[in-house]
Structure formats: structure tokens, C-alpha cells
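From first to last, the protein sequence lines stand for chains A and B. To convert, note that position 51 of the first sequence is 51 in my numbering; the numbers rise steadily by one, no gaps. To convert, note that position 120 of the second sequence is 120 in my numbering; the numbers rise steadily by one, no gaps.
No wet-lab data here; the hints were simulated from the structure. Predicted, not measured: the structure shown is a model, and the values here were computed from it. Fair warning: there could be bad hints in the mix.
[Stated by the list, open to error] 30 Å max Cα-Cα, derived DSSO-like pairs, lysine-lysine:
(1) K54/A x K58/B
(2) K54/A x K4/B
(3) K88/B x K58/B
(4) K47/B x K58/B
(5) K121/B x K99/B
(6) K4/B x K175/B
(7) K167/B x K99/B
(8) K54/A x K88/B
(9) K54/A x K63/B
(10) K167/B x K54/A
(11) K99/B x K88/B
(12) K47/B x K175/B
(13) K47/B x K54/A
(14) K4/B x K88/B
(15) K107/B x K47/B
[Unchecked claim] Sample of chain B residues at the chain A side, in silico, Cβ under 8 Å:
(16) Y3
(17) G11
(18) L66
(19) L68
(20) A147
Glycine included, C-beta positions come from ideal geometry on N, C-alpha and C.
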Amino acid sequence: MTSSQFTIPALPKISVPFLENLPVLFIIFVAFFTVYIIVSVILIYHWTQYGTHKGTMIFAETAFILVSAGLFTVAFLALSYY
Amino acid sequence: MLYKALHLEDGEDVIIEVRKHWIVFIGYVMAVIFTAFLPLVVFVLSKVFFPDLFVNIKVGGNKEALVLFFYALWILFLWISLFIEWTKYYLDVWYVTEKRIIIVDQKNIFHREVSNVRFEKIQDVTLEVQGFISTLLRFGNVRVQTASENSQEFFMNAVRHPEIVRKVIFSHQNKTGNSSHEPLAGV
Numbered sequence: 001m002t003s004s005q006f007t008i009p010a011l012p013k014i015s016v017p018f019l020e021n022l023p024v025l026f027i028i029f030v031a032f033f034t035v036y037i038i039v040s041v042i043l044i045y046h047w048t049q050y051g052t053h054k055g056t057m058i059f060a061e062t063a064f065i066l067v068s069a070g071l072f073t074v075a076f077l078a079l080s081y082y
Numbered sequence: 001m002l003y004k005a006l007h008l009e010d011g012e013d014v015i016i017e018v019r020k021h022w023i024v025f026i027g028y029v030m031a032v033i034f035t036a037f038l039p040l041v042v043f044v045l046s047k048v049f050f051p052d053l054f055v056n057i058k059v060g061g062n063k064e065a066l067v068l069f070f071y072a073l074w075i076l077f078l079w080i081s082l083f084i085e086w087t088k089y090y091l092d093v094w095y096v097t098e099k100r101i102i103i104v105d106q107k108n109i110f111h112r113e114v115s116n117v118r119f120e121k122i123q124d125v126t127l128e129v130q131g132f133i134s135t136l137l138r139f140g141n142v143r144v145q146t147a148s149e150n151s152q153e154f155f156m157n158a159v160r161h162p163e164i165v166r167k168v169i170f171s172h173q174n175k176t177g178n179s180s181h182e183p184l185a186g187v
């Protein structure tokens with residue numbers, strides 16, 4: 001038995017049809033954004049209603065919104081270049 | 001400090017806030033960081049062991065842009081979950097005032113329990129510091145037991161400086177002039 005008998009067979013061509021459809025990706029983006037808005041409202045409500053340290057709350061809100069905005073921008077630009 | 005939500009009585013102030021140690025949250029942060037890098041690790045390993053895998057995946061447009069799109073959404077998902085976990089960590093707190101302990105148990109985002117324990121009702125406060133890390137970073141479990149007919153027990157794990165918490169509770173319990181360590185009437 002020689003080592004040549006153990007060669008890995010070539011992988012089949014994989015096609016992901018729904019990813020070729022830009023509107024589907026846009027729907028994913030909008031759905032994600034909608035969920036984000038709902039979760040953000042819930043979180044910010046909790047922070048403002050039950051939080052006891054104003055500075056901590058402001059820092060948390062700022063970090064959460066700024067980083068999220070940055071990541072949404074990256075996702076949107078990636079979608080534009082697709 | 002904003003203690004509006006606690007509905008404190010006139011002349012009542014919060015003496016100490018009892019919170020979990022930061023190590024509890026750091027554990028979750030580390031898990032999130034690891035999960036954030038996981039797709040990159042899988043991608044690099046796939047490139048090394050299955051170099052043809054990504055060549056064989058056919059998509060309509062720019063492949064790199066597509067990967068970046070999904071990776072950004074993945075990081076966003078982790079970012080949101082991090083803040084959900086932080087909210088649970090931050091709002092899970094005991095407020096010790098001159099008259100009582102206000103126990104806020106933030107079990108999850110939509111499950112919040114608030115209990116009041118008056119000092120005269122407290123029978124015992126026990127703390128448990130177990131293990132090397134707990135001793136080094138000074139955190140442990142605190143258990144408050146009430147002496148009423150329907151005796152209740154309140155518990156918080158990984159509390160920062162549990163000795164100080166117990167000391168503060170006992171000192172204010174003694175100030176109320178009704179120490180639970182005195183024998184109960186009729187017992």
C-alpha cells in the first residue's frame with residue numbers, strides 16, 4: 001500500500017444561492033438593525049431607570065452606541081461593496 | 001448617586017452598595033473576546049488544512065466584502081450580548097441603608113426581584129471565602145438569613161470584600177437596638 005492511495009479527494013464546488021442575492025443580504029441587515037434598536041431601547045431603559053451612577057451610565061451608553069454605530073457602518077459599507 | 005428607583009424613606013441613605021466582584025464580569029469578557037476571534041481562527045486553520053475550501057465556494061459578488069459583512073454582524077451580536085450581561089451584572093446589587101437591606105436580584109433582563117430586609121429581622125449573616133483566587137482578590141459568598149416565621153435566605157456569590165459587608169450589616173443591626181443574636185421571645 002503506497003501513500004499515494006491516501007490523497008484527499010478534491011472538494012466539491014459549493015454554491016450559496018441566497019448569498020448571491022443582494023436584497024436578501026439587505027433584509028438580513030435591516031432585520032439585525034431592528035433587533036438592535038429593540039434591545040438598545042430595553043437596555044437604555046434599564047440603565048436610566050435602575051442605574052445609580054450617572055457617570056457609569058453615560059459611559060456605558062456612549063460606548064454601546066458609538067461602537068455599534070461603527071460596526072453597522074462597516075457592515076453597510078461591506079454590503080455596498082458587495 | 002441616583003437612588004430614585006429605590007424609594008428610600010425620609011432621612012434614609014445608602015451606606016454601602018454590595019456588588020459582585022469584577023472578576024465575574026471579566027470571565028464573560030474573556031469568553032466574548034475568544035468568541036470574537038473564533039471565526040478568524042477557523043478561517044486560518046481552514047486555509048492551512050483545506051486550502052481549496054474557500055476557492056470552491058462561489059458567491060455572486062465580492063467575497064471579502066461578504067465575509068466582512070457577516071463578521072461585522074457577528075461582532076455586533078457579541079457586543080450586544082456583552083452589554084446584556086453587563087446590565088445583569090451591574091443591576092444585581094444589595095443596597096445597605098441605616099434601616100434595611102434592599103436586595104435587587106437581576107436574574108435576567110426581564111426578570112428583576114426586589115426584596116427588603118429590615119435589620120431587626122436579620123438572624124444571621126454568613127460569609128464564605130473559598131479558594132486561592134477568592135482569598136487573593138478578596139471576594140466571597142454572602143448569605144443573609146431572616147428570623148421571621150417564614151424564614152428567608154438571601155444569597156449573593158462572589159461579593160467584593162464580604163468581611164466589610166458583614167461588618168457594616170452587624171454594626172447597623174446593633175444600632176437599631178434589636179440584635180438578632182438576642183434570644184427570640186418565647187424561645
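Are any of the numbered hints broken by this structure? If so, which, sorted upward?
Checked against the structure, the hints that fail are numbers 1, 3, 9, 12, 13, 15, 17, 20, while the rest are satisfied.
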